[in-house]
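Visitor: Below, each chain spelled out in residue letters.
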Amino acid sequence: MDWTPAPRRPTAIRREQNLALVSAVVSGGVIAAGLILLLVARVNPETASGVRAVATDIVAPLWSVVRAPIDGAGKVAGDFGDYFGAVSRADQLEAELDKANARLRAARNGQRELQQLKRLMAVREPTRTVVATTRIAAATSGSVARTAMLAVGSGDGITRDMPVIGTEGLVGRTLEVGRQSARVLLLTDPLSRVPVIVERTGQAGLAVGRNLPTLLLTDRIGPELALVVGDRIVTSGDGGVYPPGVPVGVVVDPRADGPVIRLATSPLGGGFVTVESGWLPIPDTQPQGPVFDAPVPVEARTRGAPPPRLRTSEPPAN
Amino acid sequence: MIATPPPPALLMTPDERRRWYLSLWRYAVPALASMALLVLMLAPLPISLPAMPHLALMGVLVWAMLQPGLMPPWLAFCIGMLADLLFGQPLGVNATLFAVATGVMRMTGRVFGRHGSLFDWLLVTSVLLGFALLTGPLMALAGRPTTTLPLLWQWLTSVAAWPLVVRLCAAIQRKLAASAPHWRHG
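First to last, the sequence lines map onto chains A and B. Per the numbering used here, the very first residue in the first sequence carries number 1; after that it's consecutive. Per the numbering used here, the very first residue in the second sequence carries number 1; after that it's consecutive.
Source of the hints: derived by calculation from the structure; they are not laboratory data. Treat the hints with care, since some could be wrong.
Label pairs and their calculated CB-CB ranges [said to hold, decoys possible]:
#, chain 1, residue 1, chain 2, residue 2, range
1, B, Ala160, A, Ile58, 28 to 34 Å
2, A, Val66, B, His182, 33 to 39 Å
3, B, Ala160, A, Val66, 21 to 27 Å
4, B, Ala160, A, Gly28, 29 to 35 Å
5, B, Gly69, A, Asp79, 50 to 56 Å
6, B, Leu32, A, Phe84, 30 to 36 Å
Which residues of chain B face chain A? A partial, calculated answer using Cβ under 7 Å [stated by the list, open to error]:
#, residue
7, Ala36
8, Leu40
9, Met41
10, Pro44
11, Leu45
12, Ile47
13, Ser48
14, Leu70
15, Pro73
16, Phe77
17, Leu86
18, Leu134
19, Thr135
20, Ala140
21, Gly143
22, Thr147
Ideal Cβ placement from N, Cα and C applies to all residues, glycine included.
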C-alpha cells in the first residue's frame, strides 16, 4: 500500500498524471520487448546461451554447498536405521547372494560363449568412459522446462550431449555447459527424446518426456507387438549419445496408442549420478573440400567472372 | 516504508549524506528478496512434477502490492529474465509474464484501493492461473510448445503457499521500516 500523501496543487496533479503516463508507456515497452525476445528465441534458440551458462555457474555451486549439510544429516539418519535393521538386512542379503551366485554360475557359460563369438566376428565395441561423478546440485521443479544443474562443467571435461546416468537408470543428458556448472535435460522434459528398445521384443522406439512423472513410448518401428505391463525399456544406443542397455523404465500402461513408461530412477532422487562421454564420437560437421566465400553462378563464370575466392582459413584443395 | 524520503540534498549535513548513501540498499530489498526466492525455487527436491510453488512470481506480486513504487514492471521484467536464464526456458517467457502480472497488480490496486487479505488471495489466485495458462502459448511462440496441464500442479501449490510468502515479505518490510533512518529536516 502506498502511503504517499495526496497531491493538492494542480502542478503536482499534472506531474502525477505525466508520471503515470510515462510509467504506462514504459510498461508497454517492456512487455513488447519481452514478446520480441520470444520471437528472437524462436528464430535463434541459442540466444543468450553464454549468459545462461554464467547464471548457472553462479547458482549451481551455491546449491551444491547448501545441500551438503542436508545430505550429511540424511546420511546420519540412514546410518541409525542401518544400525537397528542390520541383522534382518544381513539375513535377507545372504539369501539374495545365494540366488545371485546360482544365476551367475549359469550365466558364466553363456558369457564365455558370447566372448568367443565376438572374437570370431571381430566385433569392435566402443567403451563407456565416466567423465565425472557428482550429485544433482539444483533443479527447476517450478518451471515447464525440466532441467537440473550439476556443479561440474567444462573445467572437469564436460561437454554438450553427454549422457547422465544414475545408479538405477538413465537421468538425461547435458544441454548447456559453463565453466563449473552444467545443465542437464531430464528425461521428463518435453524436449527429451531417447532412442530405446523394448527388452523383451527388441522393438525400437522413442521415449518422449511430457512434463509428467511418466514417459510416452512413441514412434515404434517394426511389427506392432503387444506390450505387457512390466516390459523393461532400455536405451538402444541409436544416435550415439546414450550407451545401449541403460535402463530407462518399465511399461505401466501398454496402450496401443501410446504406452506409458514409469522411470527406472527418479531423476532428482538425490543419489550420485555419473556423466559419461558420448557413446559414439560426434561426427565431424565441418564441411569437407574447398569452401568459397560466396557462390558464383555458372553463367557469370562462363562470361569471364573471376574465379571464386577460397576462404582463407581453408587449405586450397588440389 | 522501507526508507523515509531524505531532506533536500543541499540541506543535508555530511553525516546525513553519508547515512543517506549507506541506506540506499533499502530500495533494492524487494528485488533482492524476489531473487532470493527465485534461487530458493531451484532446490533439488525429488519432485517429478512441476509442483514447486512459483515463489519468485509470488515475491514479485507481494512487493507489487506492498511497495508498488519499488517493484515497477521493468524491474519485474528483469527478475523474470533472470528466472528464464536459471530455468533454461526461452528468454522472455517469464520476463513478459512477470511484467504483465505486475501491471495487473498495479491496476487492481488503483481500481479496488484498500482491501482485505482474503481478497488479495483470490486476486493472486486468478493472476497465478493466468500465468499458468499463458506460459504454454508463450513457449509455443518461442518455438518450444509444451503442455499446460502439469503447470496446474504448480498453480495449486502456489495458491497454498501464498500466505507464507506474504507473511515473509511483510516481516521483511516491517523489519526494514523499524530500522529506517530518521532525518532532522533542518
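Visitor: Indicate, hint by hint, whether the structure satisfies it.
Guide: Status of each hint after checking the structure:
no.	hint	in the structure
1	B:Ala160 - A:Ile58: 28 to 34 Å	holds (30 Å)
2	A:Val66 - B:His182: 33 to 39 Å	holds (37 Å)
3	B:Ala160 - A:Val66: 21 to 27 Å	holds (24 Å)
4	B:Ala160 - A:Gly28: 29 to 35 Å	holds (33 Å)
5	B:Gly69 - A:Asp79: 50 to 56 Å	holds (53 Å)
6	B:Leu32 - A:Phe84: 30 to 36 Å	violated (45 Å)
7	Ala36	violated (11 Å)
8	Leu40	violated (10 Å)
9	Met41	holds (5 Å)
10	Pro44	holds (5 Å)
11	Leu45	holds (6 Å)
12	Ile47	holds (5 Å)
13	Ser48	holds (3 Å)
14	Leu70	violated (11 Å)
15	Pro73	holds (4 Å)
16	Phe77	holds (5 Å)
17	Leu86	holds (5 Å)
18	Leu134	violated (11 Å)
19	Thr135	holds (6 Å)
20	Ala140	violated (9 Å)
21	Gly143	holds (4 Å)
22	Thr147	holds (6 Å)
Violation of the numbered hints given earlier is confined to hints 6, 7, 8, 14, 18, 20; the remaining hints are satisfied by the structure.
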